[in-house]
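*Asks:* Read top to bottom, the protein sequences are chains A and B. FYI, the numbering for the first sequence is 1 to 210, going by the working numbering. FYI, the numbering for the second sequence is 1 to 440, going by the working numbering.
Keep in mind that a hint or two might mislead.
[As the list claims (entries may be wrong)] Taking lysine-lysine and the DSSO-like style, the derived pairs with C-alpha atoms no more than 27 Å apart in a straight line are: (1) A:Lys42 / B:Lys248; (2) B:Lys146 / B:Lys328; (3) B:Lys144 / B:Lys208; (4) A:Lys42 / B:Lys164; (5) B:Lys144 / B:Lys328; (6) B:Lys144 / A:Lys42; (7) B:Lys243 / B:Lys185; (8) B:Lys88 / B:Lys185; (9) B:Lys146 / B:Lys164; (10) B:Lys232 / B:Lys146; (11) B:Lys277 / B:Lys376; (12) B:Lys14 / B:Lys185; (13) A:Lys42 / B:Lys365; (14) B:Lys277 / B:Lys248; (15) B:Lys243 / A:Lys42; (16) B:Lys415 / B:Lys208; (17) B:Lys328 / A:Lys42; (18) B:Lys232 / B:Lys208.
Everything labelled a hint here was simulated from the structure, so no lab data went into it.
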Amino acid sequence: MALLSLTQLLALLALLFAAAAFALRWRWAAQRPLADDRAPMKGSPARGVLYAFTFGMAPWAKESTRRHMIAYLRGVGFHIGIFAGLAALLTSPWWPLVPDSARWLFAFVIGFGAWLGFVGEIMRQVEHNLRALSTPDDHASVLLVSVFLATASIALINVGWLPAMYLASALMLIYAPLGKIRHCVYFFFSRRFFGLFVGRRAVIHSEATR
Amino acid sequence: MSAQVDTALQVLEKQLNRPLVVALEACARCGLCAEACHYYLAEPSIDHVPAARGEALRRAYRAEHDFLSRIFPQWTGAEKLNEESLAKLAEMAFSQCTLCRRCAFNCPMGVDTPLMMRAVRAMATASETAPELLVMLADAAIEKGKDPSFFRDMFVEQMADLEKELQTKMGDPAARITVEREGAKILYVPLAGEHTIMPPAIIFNAVKEDWTLSIFEAANYGVFLGDVARAKQIAARIIDEAKRLGVKEVVLAECGHAYASFRWEAPNWFGETFPFKVTSLIEKLDEYVSEGRLHLDPSANPELITYHDSCNMARTGGVIEEPRRVLKAIAHNFVEMTPNRHEAYCCGGGGGLVALPEYTERRLKAGKPKADQIRKTRANIVVAACENCRLQIGEISEQYGLGVEITALADLVVKAMRLPATRPEVEKLFAGDPATVSSN
């Protein structure tokens, strides 16, 4: 019990650290200029942003993802697992109230995400471009997240693993704002900028501008 | 730290706006962008993976701005910028990236690698490691803007001669080429060379447009340098001219980077929405065709024709359907390349590469995917709405034995115009047009 409380406290402190560190990063980035776009629009920025977060993410929307469908779907599955894992972590004190069927479903999604994470790490080691692109930070990030997902998945079925999950989540949360894991936050801004670009200039929905 | 490196880092610091920070931080290094790059397709190597190019700048960025990287640089691949890495960065940004944006469109994260490459170009320009020729071309354009009076008189004389030629071609003594006429509705900005003046002049006169000609060229080499200060000075010549003449619209010649920069970026450089509309000649042609103001005979263009989407016109500029509508009105046999529109391959000549003789071999090699694309269409004519693309495609046609004719859209429109009395003369004029590059 003492171990559970201790690891729970560690996870909570790590969460607070991550939140504070991301807030600092946010403040630094927000201080950077963002010029108003003064060129008259041709299309709709809202439509572009909507596209960027929906159909633009579909596996068939880009040549790169059509070409590397399996690698892309692996990444999508991994990240679905991450979001499910974070949701499970944040709701962990209330797990006893969750029906068994829901816990098993979450355990499967998160566990599958963990497996895809480990597969991703193997791909990073094996595929020559990925290997050349990777830094120790990349490997550590994938492994930290995958271990967290694996422990969360098991803990959902066997609460005896809760301390392991809290410990793994603490390590991941402390590392998140420092290393490559932080790209997950910038993803939303990056897709938004992309959406604004293609939307304003009517690049994707060019036929609708006449 | 040398003064050169210090200058480059200062420029990086200035360039670090929110979109650039996001581009530097968002990459997951998944490598899916590799085949999006025509350099990688032509020569698969890690150096040609867009993510690897981004990493080259990120190494310097992390060394300056990342907490973990400052403590454990090897852990994150951070590296302090030095003269050697700056020179490598500059070489990469000017010779291995045409700023075509194809990687950004193919990135699951939406990482804007061209934005990073433009930042590198700016760093290189400020630290005097950019290609000298581009700097000279930009500075020459700026000088011309400072005192255009001498040049103007000569240009007006040349245009008076060209006007006579125009009247003969059109069989219309009322056909006009006016230069900087106050109160005209449209200011047309050509490129260097009469081949970008005569076809639009025929079209403007045929539709009885209220137009006048700019004394400046639309090209802006400051953009290729990533140097907003120079790009602004070059664009300011046309903006001041348009304001002085009181025109309602500035129509730019068929030029990709001129359109993308003047239409989409210049208002942000100057922090103002211009009191005139900015369009490409392509959009204007589409307007005339859709309004039925041009009488066109598609049988005048019987060859199999394909269209090359200039990256600046299409992916960056959003001019995608307009040329296709015009082509369908002026030719019966139009065939698309695959892929096309925002997925089209860069020809390899963008980003100022076509002007840099030291990178010719690399440029032609990178043009191979486009050459293969063209060959598959079996087209005889390639239409490109960008002068740099036309030059590059002309060269890759020769290099890879495509044997295609490369032409501007306006040239084909003129061929398809119903001017029975003068059509043979017009055809004769274009038969010897130096702008029509053929490797036959």
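*Asks:* Now tell me if each hint is right for this structure.
*Replies:* Structure-based check of all given hints:
1. Restraint check for Lys42 of chain A and Lys248 of chain B: the C-alpha separation of about 18 Å stays at or below 27 Å, so the hint holds.
2. With a C-alpha separation of about 43 Å, the suggested pairing of Lys146 of chain B with Lys328 of chain B is violated against the 27 Å cut-off.
3. For the hint linking Lys144 of chain B to Lys208 of chain B, the alpha-carbon distance of about 31 Å lies beyond 27 Å, and the restraint is violated.
4. Note on Lys42 of chain A and Lys164 of chain B: the hinted pairing is violated, with a Cα-Cα distance of about 38 Å set against a maximum of 27 Å.
5. With a CA separation close to 40 Å, the supplied pair Lys144 of chain B and Lys328 of chain B exceeds the 27 Å bound.
6. Taking the CA atoms of Lys144 of chain B and Lys42 of chain A, the gap is near 32 Å; set against the 27 Å cutoff, the hint is violated.
7. Note on Lys243 of chain B and Lys185 of chain B: the hinted pairing holds, with a Cα-Cα distance of about 12 Å set against a maximum of 27 Å.
8. Distance restraint check for Lys88 of chain B and Lys185 of chain B: the Cα-Cα separation of roughly 48 Å exceeds the 27 Å cut-off, and the hinted pair is therefore not satisfied.
9. A hinted pair counts as satisfied when its Cα atoms are at most 27 Å apart, and Lys146 of chain B with Lys164 of chain B does not qualify at roughly 30 Å.
10. Distance restraint check for Lys232 of chain B and Lys146 of chain B: the Cα-Cα separation of roughly 13 Å lies within the 27 Å cut-off, and the hinted pair is therefore satisfied.
11. As the CA atoms of Lys277 of chain B and Lys376 of chain B are separated by approximately 38 Å, the hinted pair breaks the 27 Å bound.
12. The straight-line distance between the Cα atoms of Lys14 of chain B and Lys185 of chain B is roughly 39 Å, outside the 27 Å bound, and the hint therefore fails.
13. Among the hinted pairs, Lys42 of chain A with Lys365 of chain B is inconsistent with the structure: their alpha-carbon atoms are about 35 Å apart, more than 27 Å.
14. Proposed proximity of Lys277 of chain B and Lys248 of chain B is supported: the alpha carbons are some 6 Å apart, at most 27 Å.
15. Restraint check: the Cα-Cα separation between Lys243 of chain B and Lys42 of chain A comes to about 22 Å, which is no more than 27 Å; the hinted pair holds.
16. A C-alpha spacing of about 18 Å is found between Lys415 of chain B and Lys208 of chain B, which places the hinted pair at or below 27 Å, so the restraint holds.
17. For a cut-off of 27 Å, the pair hint linking Lys328 of chain B to Lys42 of chain A stands: about 23 Å separates their Cα positions.
18. Proposed proximity of Lys232 of chain B and Lys208 of chain B is contradicted: the alpha carbons are some 33 Å apart, above 27 Å.
In this structure, the earlier hints numbered 2, 3, 4, 5, 6, 8, 9, 11, 12, 13 and 18 are contradicted, and the remaining ones agree with it.
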